[in-house]
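Generate coordinates for the entire structure from the input sequences, incorporating the hints supplied.
Its first residue numbered 6, the sequence shown is counted upward by one per residue in our numbering.
Incorrect hints may appear among the rest.
[As the list claims (entries may be wrong)] Calculated cross-link-like contacts (lysine to any residue; reagent style SDA-like; alpha-carbon spacing at most 20 Å):
hint : residue 1 : residue 2
1    : Lys-326   : Glu-418
2    : Lys-815   : Ala-851
3    : Lys-781   : Asp-814
4    : Lys-642   : Val-586
5    : Lys-748   : Asp-786
6    : Lys-812   : Met-863
7    : Lys-628   : Gly-691
8    : Lys-529   : Val-586
9    : Lys-364   : Ser-466
10   : Lys-132   : Thr-231
11   : Lys-155   : Phe-115
12   : Lys-529   : Glu-460
13   : Lys-685   : Glu-617
14   : Lys-326   : Ala-383
15   : Lys-776   : Ala-838
16   : Lys-379   : Leu-422
17   : Lys-824   : Lys-748
18   : Lys-379   : Lys-391
19   : Lys-391   : Arg-417
20   : Lys-580   : Leu-619
21   : Lys-529   : Ser-487
22   : Lys-364   : Gly-310
23   : Lys-642   : Arg-625
24   : Lys-145   : Thr-231
25   : Lys-145   : Lys-155
26   : Lys-364   : Gly-691
27   : Lys-628   : Gly-663
28   : Lys-713   : Arg-729
29   : Lys-815   : Ala-862
30   : Lys-530   : Arg-66
31   : Lys-529   : Ser-466
32   : Lys-781   : Met-863
33   : Lys-530   : Ala-475
34   : Lys-726   : Glu-741
35   : Lys-264   : Glu-277
36   : Lys-530   : Pro-234
37   : Lys-529   : Asp-479
38   : Lys-264   : Thr-279
39   : Lys-364   : Tyr-311
Just so you know, these hints were derived from the structure itself, not from any lab.
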Amino acid sequence: MKPVSGSSEMTSAELRSLFLSFFEERQHTIVPSSSLIPADDPTLLFTNAGMVQFKNVFLGREERPYVRAASAQRCVRAGGKHNDLENVGYTARHHTFFEMLGNFSFGDYFKRDAIHYAWEFLTGSLKLPVERLWVTVYEKDTEAEEIWLKDIGVDPARFARIGSKDNFWSMGDTGPCGPCTEIFFDHGEGIPGGPPGSPDEDGDRYIEIWNLVFMQYDRAADGTLTPLPKPSVDTGMGLERIAAVVQGVHSNYEIDIFKALLRAAAELAQVESTDSSSLRVLADHIRSCAFLITDGVLPSNEGRGYVLRRIIRRAIRHGYKLGIQDVFFHRLVGPLCAQMGDAYPELVAARTVVERVLKQEEERFAETLGQGMKVLDAHLKEMSGKTISGETVFQLYDTYGFPVDLTADFAREHGLLLDLEGFERAMDEQRERARAASQFGVDYSHDVHLDAHCEFTGYRSPSEETTIVAVLRDGRPVTSLSVGDEGILILAKTPFYAESGGQVGDHGVIRAGENVFEVADTQKKTGDLILHIGRVSKGTFTAGLLCEAEVDVEARNATALNHSATHLLHAALRKVLGDHVTQKGSLVNSDRLRFDFSHFAPVTGDQLETIERLVNEQIRANKSVSAELMPKEAAVKAGAMALFGEKYGDTVRVLRIGDFSTELCGGIHVTRAGDIGLFKIVSETGVAAGVRRIEAVTGEAAVAWIEKSDRILNTLGERMKAGRDALDEKVSQLIERNRTLEKELERLKGKLASAAGDDLVARAVSVDGIKVLAAKVDESDPKGLRDLVDQLRNKLGSAAIVLGSVKEDKVTLIAGVTKDQIDRIKAGDLVNAVAVQVGGKGGGRADMAQAGGTNPAMLDAALQSVPDWVRRYTA
Numbered sequence: 006m007k008p009v010s011g012s013s014e015m016t017s018a019e020l021r022s023l024f025l026s027f028f029e030e031r032q033h034t035i036v037p038s039s040s041l042i043p044a045d046d047p048t049l050l051f052t053n054a055g056m057v058q059f060k061n062v063f064l065g066r067e068e069r070p071y072v073r074a075a076s077a078q079r080c081v082r083a084g085g086k087h088n089d090l091e092n093v094g095y096t097a098r099h100h101t102f103f104e105m106l107g108n109f110s111f112g113d114y115f116k117r118d119a120i121h122y123a124w125e126f127l128t129g130s131l132k133l134p135v136e137r138l139w140v141t142v143y144e145k146d147t148e149a150e151e152i153w154l155k156d157i158g159v160d161p162a163r164f165a166r167i168g169s170k171d172n173f174w175s176m177g178d179t180g181p182c183g184p185c186t187e188i189f190f191d192h193g194e195g196i197p198g199g200p201p202g203s204p205d206e207d208g209d210r211y212i213e214i215w216n217l218v219f220m221q222y223d224r225a226a227d228g229t230l231t232p233l234p235k236p237s238v239d240t241g242m243g244l245e246r247i248a249a250v251v252q253g254v255h256s257n258y259e260i261d262i263f264k265a266l267l268r269a270a271a272e273l274a275q276v277e278s279t280d281s282s283s284l285r286v287l288a289d290h291i292r293s294c295a296f297l298i299t300d301g302v303l304p305s306n307e308g309r310g311y312v313l314r315r316i317i318r319r320a321i322r323h324g325y326k327l328g329i330q331d332v333f334f335h336r337l338v339g340p341l342c343a344q345m346g347d348a349y350p351e352l353v354a355a356r357t358v359v360e361r362v363l364k365q366e367e368e369r370f371a372e373t374l375g376q377g378m379k380v381l382d383a384h385l386k387e388m389s390g391k392t393i394s395g396e397t398v399f400q401l402y403d404t405y406g407f408p409v410d411l412t413a414d415f416a417r418e419h420g421l422l423l424d425l426e427g428f429e430r431a432m433d434e435q436r437e438r439a440r441a442a443s444q445f446g447v448d449y450s451h452d453v454h455l456d457a458h459c460e461f462t463g464y465r466s467p468s469e470e471t472t473i474v475a476v477l478r479d480g481r482p483v484t485s486l487s488v489g490d491e492g493i494l495i496l497a498k499t500p501f502y503a504e505s506g507g508q509v510g511d512h513g514v515i516r517a518g519e520n521v522f523e524v525a526d527t528q529k530k531t532g533d534l535i536l537h538i539g540r541v542s543k544g545t546f547t548a549g550l551l552c553e554a555e556v557d558v559e560a561r562n563a564t565a566l567n568h569s570a571t572h573l574l575h576a577a578l579r580k581v582l583g584d585h586v587t588q589k590g591s592l593v594n595s596d597r598l599r600f601d602f603s604h605f606a607p608v609t610g611d612q613l614e615t616i617e618r619l620v621n622e623q624i625r626a627n628k629s630v631s632a633e634l635m636p637k638e639a640a641v642k643a644g645a646m647a648l649f650g651e652k653y654g655d656t657v658r659v660l661r662i663g664d665f666s667t668e669l670c671g672g673i674h675v676t677r678a679g680d681i682g683l684f685k686i687v688s689e690t691g692v693a694a695g696v697r698r699i700e701a702v703t704g705e706a707a708v709a710w711i712e713k714s715d716r717i718l719n720t721l722g723e724r725m726k727a728g729r730d731a732l733d734e735k736v737s738q739l740i741e742r743n744r745t746l747e748k749e750l751e752r753l754k755g756k757l758a759s760a761a762g763d764d765l766v767a768r769a770v771s772v773d774g775i776k777v778l779a780a781k782v783d784e785s786d787p788k789g790l791r792d793l794v795d796q797l798r799n800k801l802g803s804a805a806i807v808l809g810s811v812k813e814d815k816v817t818l819i820a821g822v823t824k825d826q827i828d829r830i831k832a833g834d835l836v837n838a839v840a841v842q843v844g845g846k847g848g849g850r851a852d853m854a855q856a857g858g859t860n861p862a863m864l865d866a867a868l869q870s871v872p873d874w875v876r877r878y879t880a
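Take a look at the structure:
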């Protein structure tokens, strides 16, 4: 196909730029793509549309300094309601990652202008032929219908009215929604499929390229539609789809971005043709994986991290299918940066981290992938029907880490089905935890929504004379709160810092004359709504009362020390470990600080000492701590680091500690670095793949920690009769002596076991040519029992042995069968036959098995039954 516009072929990058320039010329503010992790929105797994970052603007809960916007938003649809994962690689237009071009109006223009802008861009800027464009509207939206037919003059033959299933849009089960109008492109007669609204509309000939949503309502959890305060416009046009149209191809995988990625993947697979569903999977999945990691998601067994792991493993499996034997997937990050790095410089900045995460995850999965595929191949050879058993699906999931959709992918390629009911029955606690961990879809219908403003004054003073604006109980406005009532106070001004950026919310008291409200926590809702959460300990509180808000100064000051130390720690980590270190989470309170960061190995003792020394050097230097408000773009250009998981406005607060640390932060901090006093790391651990955690204390807490450590060292020195300097050597000597004694003990126990074995051999009886021994012994350690069974097997020749012992009313049983008899007797069956008689069960290998029981009184009788059991079993 030739480019439909008749002009020279336009690249995807040029198309993205043209779209943004078109709307910038029409007074739209160009807004950068937001993170794939929706800020402050637990109802979404990932950002799945361009309007996500504007959701609260549409709801009237947030204001922006503009009423028109345009963006190229990166999106992922691989979990939750919008999940395209299983179709990726097999269709022309399904992706886990895509870019959504969109223009937005927040109470400014509405349907008429939105429709005219879309038509002008498609037929004017892109010069698409009018006769190949089709339009649909919501069947009840007569206003949009009139604009298309009368203003634009669309041919009624290429126009259709559609029901709410397709032309009433919502981002999820709740939130902004409204009627929409869609524009389709006709790819031509050579492709099957009918026009929109026809019985054959699911074909690939007529493809939706632009959806114009007219935001008029907010849908509650019960389905109620509430008119939005300002009717708005949200449009979405997939960059990949419109690029396919402009570049004259039918499949999205034939556009320039994918061509380059497919060639890179084909080189890794050492194949010439790029026409492969597996190569398309790799080209798609590297985009979603790289951008998810760039935005702070790391592989894990729950939530977003589990979805990322599923996508990575699906890509690896398709690489395996292509015959790629080496670790390969991370090598596609470079070609991806070459294609998309100019538009998304954050991807280039995170390239090293992305490559290391992908390589580490692939190495981990590669250890089990081959084994898992062997299990699948073996099962296929034994299958009599067309369904892979639920037990096999579960085994692949539980033992080899195969997500179910990866096995489904394999089944699909071989024309097979999965026994999903059997899989569900076989799922154990691990699956339940993974399902419970994904807590997306929270019902916010009872959340606090007030048209109120609260000015934060806590930077200048820990107390404030103010007025109570509203009183709430259970998130709802009430007339008053009385003694013993728990609720929320909203103030006109407040010195209380609301939890943000890892710093916990302030606590303290609010007094109105003799009335006292004890603030246990402070939280912030969208915009400037600060919630003082607590309990009335005296009197009654109503809206309109004058009051004095007083923060617990001691707790706040201690928290400030830890928060400022966190900034110094972050900077020190980057200097010692490298620029790949970025914050992945934090918790700062009055007791200590906790800082999670990206790194791929445990931090060594020497590195921790260097990091701690750097922080304390900055504390002793006592540089000033300053805060400045500036545009976000200018702050980032000045080197300010943005913190993971935080949502920033257009104007940000830049926090500097001397010339050592510069970050975006709205928290409470010390005046000078020296106020921190002392910084002490107390632990360093791993919390997830590629994520480490440091916990530390400052100020008086650090001094107390060191004093406690000193007391412990002094006490140990006294007990070891050694000075502190000699304590290390003394402990080493003690450990070595202990090892020597343990070896000697094992040697003596072996001699005793050998002697006991000689006595036990004489107690064996012959049953059908097999020496059978069942005896109660004093040895209670399972390892000792196994060693004794091994000795007895060597001495008895052809034998079946069961040894039992009792400790603290618990029975331990070990059964052993010599290798020449395992075809006749299985140790697992033997030990289980004894175990059921003592209230237990067990199992193991054919030659060695273990069991337990809870009824010691029955052990003697159970052991006496062994010869008869062997006689019956071998008959």
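Status of the hints after comparison with the structure:
At roughly 11 Å between alpha-carbon atoms, Lys-326 and Glu-418 fall within 20 Å of each other, so this suggested pair holds. Note on Lys-815 and Ala-851: the hinted pairing is violated, with a Cα-Cα distance of about 24 Å set against a maximum of 20 Å. Only pairs whose Cα atoms come within 20 Å are accepted, and Lys-781 paired with Asp-814 is accepted, the gap being roughly 14 Å. Proximity of Lys-642 to Val-586 is assessed by CA-CA distance (about 19 Å); at most 20 Å being required, the pair is judged to hold.
Straight-line distance between C-alpha atoms of Lys-748 and Asp-786 comes to about 16 Å, which keeps the hinted pair within the 20 Å bound. Of the supplied pair hints, the one linking Lys-812 and Met-863 holds, its CA atoms being roughly 14 Å apart against a limit of 20 Å. Between Lys-628 and Gly-691, the direct Cα distance comes to roughly 32 Å. Violation of the 20 Å bound is thereby established for this hinted pair. Note on Lys-529 and Val-586: the hinted pairing is violated, with a Cα-Cα distance of about 28 Å set against a maximum of 20 Å.
With a C-alpha separation of about 50 Å, the suggested pairing of Lys-364 with Ser-466 is violated against the 20 Å cut-off. The hinted pair formed by Lys-132 and Thr-231 fails the criterion: a straight-line CA distance of about 39 Å is larger than 20 Å. The straight-line distance between the Cα atoms of Lys-155 and Phe-115 is roughly 17 Å, inside the 20 Å bound, and the hint therefore holds. The suggested pairing of Lys-529 with Glu-460 holds, with an alpha-carbon distance near 12 Å, which does not exceed 20 Å.
This hinted pair checks out: Lys-685 and Glu-617 have alpha carbons roughly 7 Å apart, not beyond 20 Å. As the CA atoms of Lys-326 and Ala-383 are separated by approximately 16 Å, the hinted pair is consistent with the 20 Å bound. For the hint pairing Lys-776 with Ala-838, the CA-to-CA distance comes to about 18 Å; that is within 20 Å, so the pair holds. The suggested pairing of Lys-379 with Leu-422 holds, with an alpha-carbon distance near 18 Å, which does not exceed 20 Å.
Simply put, Lys-824 and Lys-748 have alpha-carbon atoms about 30 Å apart, too far for the 20 Å limit, and the pair is violated. With a CA separation close to 18 Å, the supplied pair Lys-379 and Lys-391 stays within the 20 Å bound. Taking the CA atoms of Lys-391 and Arg-417, the gap is near 11 Å; set against the 20 Å cutoff, the hint holds. This hinted pair checks out: Lys-580 and Leu-619 have alpha carbons roughly 9 Å apart, not beyond 20 Å.
Restraint check: the Cα-Cα separation between Lys-529 and Ser-487 comes to about 24 Å, which exceeds 20 Å; the hinted pair is violated. With a C-alpha separation of about 16 Å, the suggested pairing of Lys-364 with Gly-310 holds against the 20 Å cut-off. A C-alpha spacing of about 29 Å is found between Lys-642 and Arg-625, which places the hinted pair above 20 Å, so the restraint is violated. Simply put, Lys-145 and Thr-231 have alpha-carbon atoms about 17 Å apart, close enough for the 20 Å limit, and the pair holds.
Taken as a hint, the Lys-145 and Lys-155 pair is honoured in the structure, with Cα atoms around 17 Å apart against an allowance of 20 Å. Restraint check: the Cα-Cα separation between Lys-364 and Gly-691 comes to about 18 Å, which is no more than 20 Å; the hinted pair holds. Distance hint between Lys-628 and Gly-663 is fulfilled; the C-alpha atoms sit about 5 Å from each other, no more than 20 Å. Note on Lys-713 and Arg-729: the hinted pairing holds, with a Cα-Cα distance of about 15 Å set against a maximum of 20 Å.
Restraint check for Lys-815 and Ala-862: satisfied, since their Cα atoms lie roughly 10 Å apart, inside the 20 Å limit. A threshold of 20 Å between alpha carbons decides the hint, and for Lys-530 with Arg-66 the separation of about 9 Å falls inside it, so the pair holds. The hinted pair formed by Lys-529 and Ser-466 meets the criterion: a straight-line CA distance of about 19 Å does not exceed 20 Å. Between Lys-781 and Met-863, the direct Cα distance comes to roughly 12 Å. Compliance with the 20 Å bound is thereby established for this hinted pair.
Using a Cα cut-off of 20 Å, the hinted pair Lys-530 and Ala-475 holds, with the two alpha carbons roughly 14 Å apart. Restraint check for Lys-726 and Glu-741: the C-alpha separation of about 17 Å stays at or below 20 Å, so the hint holds. Restraint check: the Cα-Cα separation between Lys-264 and Glu-277 comes to about 13 Å, which is no more than 20 Å; the hinted pair holds. Note on Lys-530 and Pro-234: the hinted pairing holds, with a Cα-Cα distance of about 19 Å set against a maximum of 20 Å.
At most 20 Å may separate the alpha-carbon atoms for a hinted pair to count; Lys-529 and Asp-479 meet this at roughly 16 Å. The straight-line distance between the Cα atoms of Lys-264 and Thr-279 is roughly 8 Å, inside the 20 Å bound, and the hint therefore holds. In summary, the hint linking Lys-364 to Tyr-311 is supported, as the alpha carbons are separated by about 17 Å, within the 20 Å threshold.
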